[in-house]
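Line by line, the protein sequences give chains Z and X.
Last residue of the first sequence? That's 107 in my numbering, and every number before it is there in order.
Last residue of the second sequence? That's 107 in my numbering, and every number before it is there in order.
The hints are simulated quantities; they were obtained by calculation from the structure and are not laboratory data.
Possibly wrong hints are sitting among the right ones.
Heads up, the list lumps identical chains together, so a pair's fine if it works in one copy or across two of them.
Claimed, not checked - List of simulated lysine-lysine pairs, DSS-like, C-alpha gap at most 27 Å:
(1) K23 with K98
(2) K16 with K51
(3) K83 with K98
(4) K51 with K69
(5) K69 with K16
(6) K98 with K18
(7) K16 with K83
(8) K83 with K69
(9) K83 with K23
(10) K18 with K51
(11) K18 with K83
All values reported here derive from a predicted model rather than from experimental measurement.
Protein chains: 2
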Amino acid sequence: GGFAMEDQVPFGMIGKMKAQPGKRAELIAILAAGTGTMPGCRVYLIAEDAKDTDAIWITEVWDDAASHKASLELPTVREAIAKGRPLIAGFEISVETKPVSSHLRHG
Amino acid sequence: GGFAMEDQVPFGMIGKMKAQPGKRAELIAILAAGTGTMPGCRVYLIAEDAKDTDAIWITEVWDDAASHKASLELPTVREAIAKGRPLIAGFEISVETKPVSSHLRHG
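Same shape as in the complex, but just chain Z:
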């Protein structure tokens, strides 16, 4: 138990994405595989909505806005976007945030 880090972080995103019907798991696998090693990324959390069966929530924390923007040019991310796009029905929510407090437990 216990928390190994408490930090201040400057740029975040929270989004609710809808997959094409029945394609959520496939889309999540593509997103998870393509976002594992992004410079400047502190948190990239993918979660299924418990009730909305095609919905995916993504919570991101980055060192700064530039790191987030640069990630969109990474080959692994571009590949994930290309593979994932046909499986995305749309975005219900996509907001920029300023993360101000994070408790992350390690392990």
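Following the hints, put chain X in place on chain Z, whose structure we already have.
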């Protein structure tokens, strides 16, 4: 750089809370202080909405639903709820999630 953990996690929450006008910073300070040491909590991330000046986003990941439920009885959490409640205008979003992929960078 680099990611020190990639893990599967079973219970999550994402919420959008509205503070009373002008009370966001005060409410965040109360929430951050009261949620630092919660058993079973893997992620507790507080972020300001970049455009909605009274809005706060909270992303939570827990070992399981029982850990989340038990946290509501912790003295520090009960105190935060009691102190924070008068500063909360309402909840625009409060959804349960199943976290399926998390990249957390440490340090």
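For each hint, the structure was consulted:
1. Within a single copy, K23 and K98 get their C-alpha atoms only as close as 31 Å, which misses the 27 Å cut-off; across copies the closest is 16 Å, which meets it.
2. With identical chains, the CA atoms of K16 and K51 are at most 27 Å apart both within one copy (13 Å) and between copies (17 Å).
3. With identical chains, the CA atoms of K83 and K98 are at most 27 Å apart between copies only, with a shortest distance of 23 Å across copies and 29 Å within one.
4. Only between protomers do K51 and K69 lie at most 27 Å apart by alpha-carbon distance; the minimum there is 19 Å, versus 31 Å within a single protomer.
5. In this assembly of identical chains, the alpha carbons of K69 and K16 lie at most 27 Å apart whether taken from the same copy (19 Å) or from different copies (24 Å).
6. For the identical chains of this complex, K98 and K18 are neighbours both inside a copy (24 Å) and across copies (15 Å), given an alpha-carbon limit of 27 Å.
7. In this assembly of identical chains, the alpha carbons of K16 and K83 lie at most 27 Å apart only when taken from the same copy (18 Å versus 30 Å across copies).
8. Taking the shortest Cα distances, K83 and K69 sit within 27 Å of each other inside one copy (19 Å), while across copies they are farther apart (38 Å).
9. In this homomeric assembly, K83 and K23 come within 27 Å of each other (Cα to Cα) only inside a single copy, at 12 Å, whereas the closest approach across copies is 43 Å.
10. For the identical chains of this complex, K18 and K51 are neighbours both inside a copy (12 Å) and across copies (23 Å), given an alpha-carbon limit of 27 Å.
11. In this assembly of identical chains, K18 and K83 lie within 27 Å of each other by CA distance solely inside one copy; the values are 15 Å within and 36 Å between copies.
Against the hints set out earlier in the document, no violation occurs for any number.
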